[in-house]
Structures are given as C-alpha cells and as structure tokens.
Amino acid sequence: MNVRTVTRSHGVVGTASPVQLKPWTKPKPVLVTVVEQKKLVKELQDKDRERGEKLLDIELKFKDVKSNADGLIHELHSLKQKANEGTEMMKVMVDRFDEAHAKIKTLEESLKEKEADNSVLVARIVDTYERAALKARYDLLKEYKQGLFIDANVKEEIELYEDSLIEARGSSFAPVDVAAPTSNEPEPTDVKPPNNVDPSEYRETRQ
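Per the UniProt record's numbering, the sequence shown starts with residue 1, numbered consecutively.
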C-alpha cells in the first residue's frame, strides 16, 4: 500500500490512506413487458385525446359566443337603421299632417268669408275635419313612439304634443256630429255647399 506524507496547516506531519472506490457495476435494465408498454402508450394517447377534446370544446364555445355576439351586433345595427328610417318617415308624415292642418285653417278662413251667414255650420265642418287630422297625427306619433327607437328630441316633441293635444281637445277624439246643433240658433234649411267642397261629401256630412 502506498502511503503519502501530508503536511497540515498547523505544521503537524501525518499520513493519509487513499480513498477506496467500489468497483463499477452495470445497472440492471428495467424490463417492461409488451402489455405494460401498450398500457403506457394508451394512457398517453388518452391524455392527448382528452386534452384535444377540451381544446376543441373551448374553441367551439368561443365560436358560438362569437357567433351570438356577431348576431346581436347585426341585429342592433338593423334596429338602428330601422329606427332611423322610421324617424325620417315619421317626420315626413308629421309634416304632411301639419300641411293638411294648415289647409284646413285656410279653408276655414275662406268659408268664413264666403259663408258668413252660415258660420255655425262652417265651424262644425271645420272642427270635424280638424279633429280627424289631429287624431290621425296623434295615432301616428303614438305608434312610432311605442314601436321604434327614436331620438330624444323627437320623443320630447311627441310628449309635448300629446300634452297640448289632451289639454286642447280633451281625452276624447270622437268626431263631432255635424247635424247636432251646438247653439240655440235655428239651423238653416237652405244651405248651399261651400266652394271647393264636393256636394256629395257635403250631403254625407249633413246626413
């Protein structure tokens, strides 16, 4: 046995034996049977398939959510477009009713001048037409107010118009019976139809 002389830091001289190493031995191989190998492969395949199914399920859910979101966005755009079209249509129709109402007022002034002796009957005829025009305009506004999204200015205009309409005309829009007397004055018997009025319509009104 070889002996080495070692000089320590504190000056003491001694001897040390060499390290004894165990001889290297080849590790025994881990034997895996064919059945166990197939089982491990199947477990890995099952895990991969399960992971793939989860990813596919997440992808399908995402596509479904995205499809629903796209559908809602399209529906909102469609509703907005219909609302804009409806608002424009409503404004046009209201303008037409306003024009008709102005024509009724013009007709009233004309009838008052030409039929001064029949002022009571003229007032009844004009009132009947005026109420019909106001009722139609009110129904149109109410329909668009309930069925469409309209801007705040139009909605405020409708509400103000409704308030003024109820205040001016009351809650009843029943047409006036032209034949019913509204005063103590005797109703004329030989009344001629006013100018610009169809005699057949005039007779129907008188009946």
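Certain hints may be false.
Claimed, not checked - Dumping the calculated EDC-like pairs for lysine to aspartate or glutamate here, alpha-carbon to alpha-carbon at most 20 Å:
(1) Lys47 <-> Glu36
(2) Lys135 <-> Asp95
(3) Lys112 <-> Asp139
(4) Lys103 <-> Glu130
(5) Lys54 <-> Glu43
(6) Lys103 <-> Glu75
(7) Lys22 <-> Glu36
(8) Lys135 <-> Glu75
(9) Lys135 <-> Glu99
(10) Lys91 <-> Asp139
(11) Lys105 <-> Glu130
(12) Lys103 <-> Glu113
(13) Lys135 <-> Glu108
Hints listed in this document are in silico derivations from the structure and should not be mistaken for laboratory results.
Structure versus earlier hints, numbers of those that do not hold, lowest first: 3, 6, 7, 8
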